[in-house]
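Trainee: Here is how the chains run, residue by residue.
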Amino acid sequence: LAKTTQPISMDSYEGQEVNITCSHNNIATNDYITWYQQFPSQGPRFIIQGYKTKVTNEVASLFIPADRKSSTLSLPRVSLSDTAVYYCLVGDNYGQNFVFGPGTRLSVLP
Amino acid sequence: GAVVSQHPSWVICKSGTSVKIECRSLDFQATTMFWYRQFPKQSLMLMATSNEGSKATYEQGVEKDKFLINHASLTLSTLTVTSAHPEDSSFYICSARDRGDYGYTFGSGTRLTVV
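If you read the protein sequences in the order shown, they are chains A and B.
Residue numbers are given in the working numbering: position 82 of the first sequence equals residue 82, and the series is strictly consecutive.
Residue numbers are given in the working numbering: position 91 of the second sequence equals residue 91, and the series is strictly consecutive.
Just so you know, these hints were derived from the structure itself, not from any lab.
Owing to the predicted nature of the structure, the values given are computational and were not obtained by experimental measurement.
Just so it is clear, CB atoms sit at the ideal spot from N, CA and C, and this is done for glycine as well.
Any given hint might turn out to be false.
[Claimed, not checked] Computed footprint of chain B on chain A, listed as stretches where at least three residues anywhere in the stretch have a Cβ under 8 Å from a Cβ of chain B:
{"no.": "1", "stretch": "5-13"}
{"no.": "2", "stretch": "44-50"}
{"no.": "3", "stretch": "98-108"}
[To be verified] Pair by pair, the computed Cβ-Cβ distance ranges are:
{"no.": "4", "chain 1": "B", "residue 1": "Lys66", "chain 2": "A", "residue 2": "Lys69", "range": "33 to 41 Å"}
{"no.": "5", "chain 1": "B", "residue 1": "Ser18", "chain 2": "A", "residue 2": "Asn26", "range": "34 to 42 Å"}
{"no.": "6", "chain 1": "B", "residue 1": "Ser18", "chain 2": "A", "residue 2": "Asp67", "range": "48 to 56 Å"}
{"no.": "7", "chain 1": "A", "residue 1": "Leu80", "chain 2": "B", "residue 2": "Val115", "range": "30 to 38 Å"}
{"no.": "8", "chain 1": "B", "residue 1": "Phe39", "chain 2": "A", "residue 2": "Leu80", "range": "24 to 32 Å"}
{"no.": "9", "chain 1": "A", "residue 1": "Pro40", "chain 2": "B", "residue 2": "Glu87", "range": "44 to 52 Å"}
Work out the full structure: start from the sequences and follow the hints.
Mentor: And the structure:
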């Protein structure tokens with residue numbers, strides 16, 4: 001299972017763009033990169049998933065360089081409600097469980 | 001999208017008693033479900049993989065006789081914490097994946113407090 005490394009915490013202000021980078025040097029060919037958001041006392045919530053290049057949905061963008069050894073989650077114009085822990089996970093989608101790293105605790109300040 | 005329902009959302013029990021937590025996939029079938037435990041300010045730790053119709057696979061260090069997992073149908077997995085002790089107090093979360101979805105869907109979690 002590919003191990004991931006993320007910053008432990010980040011601070012931002014409302015309205016700013018936040019970029020959280022995750023390193024996964026030993027990612028396998030079949031692995032996807034998936035990001036989850038977790039609020040206190042709730043289960044993680046799927047944000048976005050990608051394999052290579054760039055993926056965008058209604059809440060975030062995911063940038064993956066050609067070597068796939070890292071990825072960056074981009075949250076545009078964050079609000080106070082985006083304060084949460086963000087987890088980067090690497091694994092395939094065929095029955096393999098995800099191993100959670102410590103995640104990044106994002107604090108959005110007014 | 002896929003929905004995973006977990007009940008109860010919180011439970012308080014006395015030391016020595018057993019507690020059952022249910023995890024249901026509401027609109028899809030899940031041959032595999034996963035159970036995690038999360039302590040305050042920490043990440044999720046995988047406890048076991050629940051397989052429909054067969055025995056669960058436990059992670060190293062997780063006592064299979066203490067954390068009983070039953071995956072009797074394609075939509076239901078249960079975790080029973082037997083003879084609970086205060087150190088078992090934690091947040092328990094299950095997850096599953098609908099084949100047509102990206103990533104895994106997680107339940108809302110169960111806060112277990114053993115007094």
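Trainee: Each of the hints needs a verdict: does it hold here or not?
Mentor: Results of checking the hints against the structure:
Check result for the stretch 5-13 of chain A against chain B: violated, 0 residues qualifying (beta carbon to beta carbon below 8 Å, three or more required). Taking a C-beta to C-beta cut-off of 8 Å, the stretch 44-50 of chain A contributes 4 residues in contact with chain B, enough for the three needed, and the coverage statement holds. Requiring three or more residues with a Cβ within less than 8 Å of a Cβ of chain B, the coverage given for the stretch 98-108 of chain A holds, as 6 such residues are present. Hint check: Lys66 (chain B) to Lys69 (chain A), Cβ distance near 39 Å, so the stated range 33 to 41 Å holds.
In this structure, Ser18 (chain B) and Asn26 (chain A) meet the distance hint of 34 to 42 Å, their C-beta atoms being roughly 40 Å apart. For Ser18 (chain B) and Asp67 (chain A), the Cβ-Cβ distance of about 49 Å falls inside the hinted range of 48 to 56 Å, so the restraint holds. Checking the proposed 30 to 38 Å range against Leu80 (chain A) and Val115 (chain B) shows it holds: the Cβ atoms sit about 34 Å from each other. Our hint of 24 to 32 Å for Phe39 (chain B) and Leu80 (chain A) holds, since their Cβ atoms are close to 26 Å apart.
The supplied range of 44 to 52 Å is broken by Pro40 (chain A) and Glu87 (chain B), whose beta-carbon atoms lie about 21 Å from each other.
Hint check: violations occur at hints 1 and 9; the rest are consistent with the structure.
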